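Visitor: Just so you know, the sequences run in chain order A and B.
The numbering used here puts the first residue of the first sequence at 34, with every later residue one more than the last.
The numbering used here puts the first residue of the second sequence at 20, with every later residue one more than the last.
Keep in mind that the hints are not guaranteed to be accurate.
[As the list claims (entries may be wrong)] Restraint ranges, calculated between C-beta atoms of paired labels, are given here:
hint	chain 1	residue 1	chain 2	residue 2	range
1	A	Ser116	B	Ile95	33 to 41 Å
2	B	Leu57	A	Glu89	27 to 35 Å
3	A	Lys109	B	Gly35	49 to 57 Å
4	B	Glu59	A	Gln112	19 to 27 Å
Read the hints as simulated data drawn from the structure, not as lab findings.
Note that the coordinates shown come from a computational prediction; the quantities given were computed from them, not determined experimentally.
Glycine included, every Cβ here is placed at the ideal spot set by N, Cα and C.
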Amino acid sequence: GQNIDQPTEMTATEGAIVQINCTYQTSGFNGLFWYQQHAGEAPTFLSYNVLDGLEEKGRFSSFLSRSKGYSYLLLKELQMKDSASYLCAVSQAGTALIFGKGTTLSVSS
Amino acid sequence: NAGVMQNPRHLVRRRGQEARLRCSPMKGHSHVYWYRQLPEEGLKFMVYLQKENIIDESGMPKERFSAEFPKEGPSILRIQQVVRGDSAAYFCASSPRESAEAFFGQGTRLTVV
Numbered sequence: 034g035q036n037i038d039q040p041t042e043m044t045a046t047e048g049a050i051v052q053i054n055c056t057y058q059t060s061g062f063n064g065l066f067w068y069q070q071h072a073g074e075a076p077t078f079l080s081y082n083v084l085d086g087l088e089e090k091g092r093f094s095s096f097l098s099r100s101k102g103y104s105y106l107l108l109k110e111l112q113m114k115d116s117a118s119y120l121c122a123v124s125q126a127g128t129a130l131i132f133g134k135g136t137t138l139s140v141s142s
Numbered sequence: 020n021a022g023v024m025q026n027p028r029h030l031v032r033r034r035g036q037e038a039r040l041r042c043s044p045m046k047g048h049s050h051v052y053w054y055r056q057l058p059e060e061g062l063k064f065m066v067y068l069q070k071e072n073i074i075d076e077s078g079m080p081k082e083r084f085s086a087e088f089p090k091e092g093p094s095i096l097r098i099q100q101v102v103r104g105d106s107a108a109y110f111c112a113s114s115p116r117e118s119a120e121a122f123f124g125q126g127t128r129l130t131v132v
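The following block holds chain A by itself, in its conformation from the complex:
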């Protein structure tokens, strides 16, 4: 089975940096994904890590440590439009992505 944990809620202010953590326990690990989901909309892909280290893509970066079963999503220069749910998902061989319950981020001015 799998166990994926991430904080339920986080708050931050415009222009700040926020780090959303995700820990997982799984077998047959094939990679870790981060998705963004605005209320009432479909999840959209943000990042993918399969090797240890940091992947940077504009204001968003994602980090993975396979030995620790740990990832984080880093959002810089926060904007109001970044208010959304951020979903951590683990890929295993032979099955679909398994998602954590998501972290709801609220950005205030």
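We have chain A already, so just place chain B on it with the hints.
Guide: For chain B alone, coordinates are given in the frame of chain A:
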């Protein structure tokens, strides 16, 4: 290249009726996944299909729920004899291969009255 298309976007059914949710994957994608999402909750995996085959249905209730992905046409998630607890958003996603990035449709919001 159209994205993942789901229809209908909204579906209202009375208790005991059948609900059919359709999903057309992105062009070139042969892997389809169905998820259910309740308000304020994450995406719960239901079933993973490849053309004409069910790869993993471990997340799908044993009764009343079924899924198919025929050689021609969209994938169908079928819920028989719906109950109020089936009310949720059902998302379909597709990918070109296993473990690749999954692209999501806009979802079908099922309401059982």
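Visitor: Indicate, hint by hint, whether the structure satisfies it.
Guide: Hint-by-hint comparison with the structure:
The hinted range of 33 to 41 Å is satisfied by A/Ser116 and B/Ile95, whose Cβ atoms lie roughly 35 Å apart. Between B/Leu57 and A/Glu89 the CB atoms are about 34 Å apart, so this pair conforms to the stated range of 27 to 35 Å. The given range of 49 to 57 Å is respected by A/Lys109 and B/Gly35, whose C-beta atoms sit roughly 52 Å from each other. Under the hint 19 to 27 Å, the C-beta atoms of B/Glu59 and A/Gln112, about 23 Å apart, fit the expected range.
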